[in-house]
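Starting from the known structure of chain A, arrange chain B on it as the hints suggest.
In the order they appear, the protein sequences are chains A and B. For the first sequence, position 615 matches number 615 in this note's numbering, and the numbering has no gaps at all. Take any residue in the second sequence, note its place counting from 1, add 1000, and you have its number in this note's numbering.
Note that these hints are calculated values from the structure, not bench results. Even glycine gets a Cβ: it sits at the ideal position worked out from N, Cα and C. Watch out, some of these pointers could steer you wrong.
Some chain B residues well away from chain A (every beta-carbon gap over 10 Å; in silico) [as the list claims (entries may be wrong)]: (1) L1008; (2) L1029; (3) M1033; (4) F1046; (5) Q1052; (6) G1054; (7) A1067; (8) D1089; (9) A1095.
For lysine to any residue, the following SDA-like pairs were computed, each having C-alpha atoms within a straight-line distance of at most 20 Å [as the list claims (entries may be wrong)]: (10) A/K634 to B/A1012; (11) A/K634 to B/A1095; (12) A/K634 to B/M1098.
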Amino acid sequence: MAAFDYAPAIALLPFASFVIALFGGRFLPKKGALAGILATAGSLVLSIWMALTVAGGTTYNQELYTFVAAEEIDLHLGVLIDPLAALMLIIVSLVALLVHVFSLGYMNDEGEPGLARYYAGLGLFTASMLGFVIADNLFMAFMFFEMVGLCSWLLIGHWYRDDAPPSAAKKAFLVTRFGDYFFLVGVVGILATFSTANFAGGESFPTLAEEALAGGTDAVSTFGFAPETWFTILGLLVLGGVIGKSAQFPLHTWLPDAMEGPTPVSALIHAATMVAAGVYLVARMYGFYALLPTVLAIIAFIGGFTALFAATMAVVKREIKQVLAYSTISQYGYMMLGLGAGGYVAATFHLLTHAFFKALLFLGAGSVIIAMHHNEDMWDMGGLKDRMPVTYYTFLAGALALAGIFPFAGFWSKDEVLYEALVHGLNDPLLLGAYAMGLLAVLFTGFYTFRMVLLTFHGEPRSDTARNPHSVGWSVKLPLVVLGTLAVVTGFINMVPVAEVTGAEIEFLHKWLEHGISGVNSEHYGELLHDVAGYEAAELTPLLPAVVSLALALAGAGLAYTLYSGSDPDAHTDRLGNAKTVLMSNYYQDEYQVWLADATARVARAADTFDQGIIDGTVNGVSSVSLFSGSRIKRVQTGIVTNYAALLSLGLVALLVVFGLLGGWF
Amino acid sequence: MVPAQYYLVLSAAMFCIGLFGILTRRNALLFLMSVELMLTAANINFVAFSLQHGNLTGQVFSLFTIALAAAEVAVGIGIILVLYRSFRDVDVTQATTMRW
Chain A
1 MAAFDYAPAI ALLPFASFVI ALFGGRFLPK KGALAGILAT AGSLVLSIWM ALTVAGGTTY
61 NQELYTFVAA EEIDLHLGVL IDPLAALMLI IVSLVALLVH VFSLGYMNDE GEPGLARYYA
121 GLGLFTASML GFVIADNLFM AFMFFEMVGL CSWLLIGHWY RDDAPPSAAK KAFLVTRFGD
181 YFFLVGVVGI LATFSTANFA GGESFPTLAE EALAGGTDAV STFGFAPETW FTILGLLVLG
241 GVIGKSAQFP LHTWLPDAME GPTPVSALIH AATMVAAGVY LVARMYGFYA LLPTVLAIIA
301 FIGGFTALFA ATMAVVKREI KQVLAYSTIS QYGYMMLGLG AGGYVAATFH LLTHAFFKAL
361 LFLGAGSVII AMHHNEDMWD MGGLKDRMPV TYYTFLAGAL ALAGIFPFAG FWSKDEVLYE
421 ALVHGLNDPL LLGAYAMGLL AVLFTGFYTF RMVLLTFHGE PRSDTARNPH SVGWSVKLPL
481 VVLGTLAVVT GFINMVPVAE VTGAEIEFLH KWLEHGISGV NSEHYGELLH DVAGYEAAEL
541 TPLLPAVVSL ALALAGAGLA YTLYSGSDPD AHTDRLGNAK TVLMSNYYQD EYQVWLADAT
601 ARVARAADTF DQGIIDGTVN GVSSVSLFSG SRIKRVQTGI VTNYAALLSL GLVALLVVFG
661 LLGGWF
Chain B
1001 MVPAQYYLVL SAAMFCIGLF GILTRRNALL FLMSVELMLT AANINFVAFS LQHGNLTGQV
1061 FSLFTIALAA AEVAVGIGII LVLYRSFRDV DVTQATTMRW
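Looking at chain A on its own, in the form it has when it is part of the complex (with noise of 0.2 Å):
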């Protein structure tokens, strides 16, 4: 058991490097980065290491400090690790490091102000990220989601100074903040329920819930809902707040405009902490929403049309980074939709490539922002492919996975994500539409992806920073190397169809995520999405599909060759007449939430007329009578001494005559 003791110092070690470069981060030479890195890639050996223990086939649900403890309820922090959690430690921690690597060539060289305050949030997110991922009940998971969202408005609003980057960061607090509340309501109302919020162990709500709705327990109080009925409402309530961090419709508008604060945070944001969070708690508690098929066709569906929705946006973006972040959004849209068609680790899966090449492709970016001097329009760049090679094939490895063309990463864990929502959604037809949606993104992604990498490094530089561009240095290599690797490589660990046609055993993530502490593995989900949720399986050979939407994205990137391949392509947006002013306008979300939030401060100011008029005006007036006859009644003192003496007299007289009255003396 040793290795778990030090699994707490995952999350304290970025936490120490955070107090490092908060205090003193103006005093060291690179302004607080080596500590980053350090405790960065301390994490990550401790990661590694604890995944090491994991695959030795024990894990840990360990209660380490309790705050509150009522009769009724418990409120701990506490560390559970089993395989989905060390998964995720290494994929934070390792993009963290490469993230503070990378920082050093995006920040520290190109001579950023405030970078001390920079590697302060830098490590203050990470922390909070891997105490979220290493949470053991849904309170402290709660905790650390919120932080993250408050690292999240400290590094977005980085460059303070400008107009837009506070604003986005505002954005990007209120929008998650108001997904949040149902969370919030969510946590209250589970820790209300099952009177606790582990998410393993016998006494967990997953297994409450189970057995409340097999009829067994008489611990679950249900408010007076069927248990089902009440069940649906909490998963709902948490759904809130995944959607509103994991960037999905109707609550995505935060993230393209999170596109302010600098790039290496936008990777870090993107890949591992931030968006990954909120898919990361549908995978953590899979066994408290794998008994509720409403809620999994709900995720299903807003995962399958989020997809195709932010894809369709992502087409018509001028700027570098935009495209990359609606394919995010689109991307966590497969997540959503592989957990909702039952898929736990398919979305698994793909939470880890996109993690890899999602990461690649924004330091990528990063990379040419600053060879381009930060200018960010794809129409200024073409051509940087024979000037800055390693960024060139460490991006087209990146864009491959994210189109998922074979053999790329992207290509594995998408195929089965469709597979498993075609699978059972035979069954099911909304899933089967959340499936088609899906599908038809695969296009789009294909053609938006080969759009960006033939604007950006094809065809004839278009501007002057283009034909000589800003070098990159090693910090900036040394990450995309590593990542684009990565990129290439990770799909290996999971082919599906290749299993099922060679009959080799080698799925090993499915593999790896079917042990685990009872009741919290990839195996008992699929008994419960059976028995519980009604999830059948269609026989279907993965081939096919896999074929399908190959074709698909092939068919998006050669469309996207022959309209951008020239070397001075055309615009060609014009040619979507109107539907292209819908899209540069993002479908107008934004202006519909800003009507939104519009009759919602109606509706405020009300309440503050009721509170300012009603409630403060009856406290007011009885302070204004009370002042009113104090000032009347002081005239009775007088100052003169005779007068107070008559008083006391006369007092004195009525006194006796009351007395005398009462008691009968006349």
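Using the frame of chain A, we list chain B on its own:
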């Protein structure tokens, strides 16, 4: 022996004289004298009832009251001195600045 009622009548008369003085006079020294008269009226009551009941408690208590009255006069004269310094007068109706 003179019955206790006579003493009580005497006491009530003295008390009323003191009260009358307080209500009508403006000179602070006369005020003090009137208060002394009222106190003495109370003492007479003590002694009269002591005689009536045949024990010495009332008389002992009146001794305490006399001692207290002496202290009270000292304080009272002190107040009158301050009054005179502040207002150049011992008229109690002049000192009205310490109301609200």
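(message) Of all the hints numbered above, which does this structure not satisfy? Sort the numbers upward.
(response) 9 and 10
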